[in-house]
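Based on the sequences and whatever the hints tell you, model everything.
Protein chains in written order, with the working numbering: chain A, 1 to 181; chain B, 1 to 157.
Since the hints were derived computationally from the structure, they do not count as laboratory data.
For each residue, glycine too, the CB sits at the ideal point set by N, CA and C.
Be aware that a few hints might be false.
Ranges of calculated distance between the beta carbons of each label pair, as one might list FRET restraints [said to hold, decoys possible]:
1) A:Gly122 to B:Glu114: 37 to 47 Å
2) B:Asp95 to A:Glu114: 11 to 21 Å
3) A:Gly142 to B:Glu87: 41 to 51 Å
4) B:Ile156 to A:Ala170: 11 to 21 Å
5) A:Gly112 to B:Glu55: 18 to 28 Å
6) B:Gln129 to A:Ser125: 28 to 38 Å
7) B:Asp110 to A:Arg87: 28 to 38 Å
8) A:Glu114 to B:Ala48: 33 to 43 Å
9) A:Ser108 to B:Asp142: 16 to 26 Å
10) B:Gly113 to A:Asn168: 43 to 53 Å
11) A:Ser152 to B:Asp110: 20 to 30 Å
12) A:Ser108 to B:Asp143: 32 to 42 Å
For reference, the chains in residue letters:
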Amino acid sequence: MSALVSVAGAWNLPVAGVRGLDQGDGEHIHRACFISAVQVGVLLCPAGATATSRVQDVLDEAPFAEDRLKSDAAGGQVSLMQNPTLREEVVVAIENGLHMVPCSRIASSVQGIECSVHIHNGDKSVDGKSVLDLMTLNAEQGTRLVIETSGSEAAAAMDRLKRLFATNFAAEGSSGAGHAE
Amino acid sequence: MKLCDFVVPNAILPDLQVSTKEEAILAMVASLKDAGCIQAADEEGIVAAVLKREELGSTGIGNGVAVPHTKHPSVDHLIATVALAKEGVDFASLDGESVYILFLLISPPDRPGEHLRGLENISRHLRNQNFCNFLRQSKSRDDVVELLQEADNNQID
Chain A
1 MSALVSVAGA WNLPVAGVRG LDQGDGEHIH RACFISAVQV GVLLCPAGAT ATSRVQDVLD
61 EAPFAEDRLK SDAAGGQVSL MQNPTLREEV VVAIENGLHM VPCSRIASSV QGIECSVHIH
121 NGDKSVDGKS VLDLMTLNAE QGTRLVIETS GSEAAAAMDR LKRLFATNFA AEGSSGAGHA
181 E
Chain B
1 MKLCDFVVPN AILPDLQVST KEEAILAMVA SLKDAGCIQA ADEEGIVAAV LKREELGSTG
61 IGNGVAVPHT KHPSVDHLIA TVALAKEGVD FASLDGESVY ILFLLISPPD RPGEHLRGLE
121 NISRHLRNQN FCNFLRQSKS RDDVVELLQE ADNNQID
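As structure tokens, this is what we get:
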């Protein structure tokens, strides 16, 4: 119990769902883990967990780096993908803002990568793999954006995107996208 | 900012019949000249600037849409025209598909914010598949203008 609450706390998870757990009550633990996973999208509950699981068993089998659950309707099981969700804030430094050239570079840099990419500008969130979506961000120079990647290659996608912003979208052999439209 | 704030009605080409990207850009810029929005002396320079921008990467952004554009000192505010190519144009688009809807924008170099808002406005509507479908079905300038007005008024689901 204390270990579970501690880990949940470390990940800033709501712990209400695990209150009252009894270390010997495997079924209760299993259900609590599942609810937590659904609530926060980061907690893994193994498909193979059984009603007799113990707290440590669940913790051992549940790396806290998950953001997606896949429900197998046929089998009624819950399987999980080890896909972290990463978030980073970046600032648009390009003089002309996030116009079509940088939008195209963002989309093309993450095409084919096994992950989802969302970019937030305040309350607006768009698909980072869609040029059309990205151009609706209307992000002028100085705008703070939040990049969110999730999936098995989330880290690789985040690295590429951060590098684009850090280098002001300079392509190899070019002077960058700052003055292009 | 609304579409009808910067799309020039008399420059709209509802039946563009060309086979190449260059021909499409030439026709659209010529249409803006014929509508009196740019001077004849600037026409060649604007075409060259739009084509140079295409060298950085096609503005054919997929889904049958292209948004060729440039910044040019000959205009003092954002202007645009729309062309519909029923047969499709090879625009070297990102998805490899032909382009049927073209928005061409020209904006002053010293107004990047206006340029961004124009792109944002066009992109927001082009995400709407119904808008694209209705646009492709338009047969006249009046049809296109009416559709742009409906889009501006959020009357397209």
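Taking the hints in turn, this is what the structure says about them:
Taken as a hint, the range 37 to 47 Å is violated for the pair A:Gly122 and B:Glu114, whose Cβ atoms sit roughly 20 Å apart. For the pair B:Asp95 and A:Glu114, the supplied restraint of 11 to 21 Å holds, since their beta-carbon distance comes to about 20 Å. Taking 41 to 51 Å as the suggested C-beta distance range, the pair A:Gly142 and B:Glu87 conforms, at roughly 43 Å. Between B:Ile156 and A:Ala170 the beta carbon distance is about 39 Å. The supplied range of 11 to 21 Å is therefore violated.
Checked against the given bound of 18 to 28 Å, the beta carbons of A:Gly112 and B:Glu55, roughly 24 Å apart, stay inside it. With their beta carbons about 20 Å apart, B:Gln129 and A:Ser125 fall outside the hinted range of 28 to 38 Å. At about 35 Å, the beta-carbon gap between B:Asp110 and A:Arg87 stays in the expected band of 28 to 38 Å. A C-beta distance of roughly 41 Å is found between A:Glu114 and B:Ala48, which places it inside the suggested range of 33 to 43 Å.
The given range of 16 to 26 Å is broken by A:Ser108 and B:Asp142, whose C-beta atoms sit roughly 38 Å from each other. The beta-carbon spacing between B:Gly113 and A:Asn168, approximately 18 Å, falls outside the hinted interval of 43 to 53 Å. A hinted range of 20 to 30 Å for the beta carbons of A:Ser152 and B:Asp110 is inconsistent with their spacing of about 45 Å. Range check, A:Ser108 to B:Asp143: Cβ separation about 34 Å, and the 32 to 42 Å hint holds.
Checked against the numbered hints given earlier, the structure breaks hints 1, 4, 6, 9, 10, 11 and satisfies all the rest.
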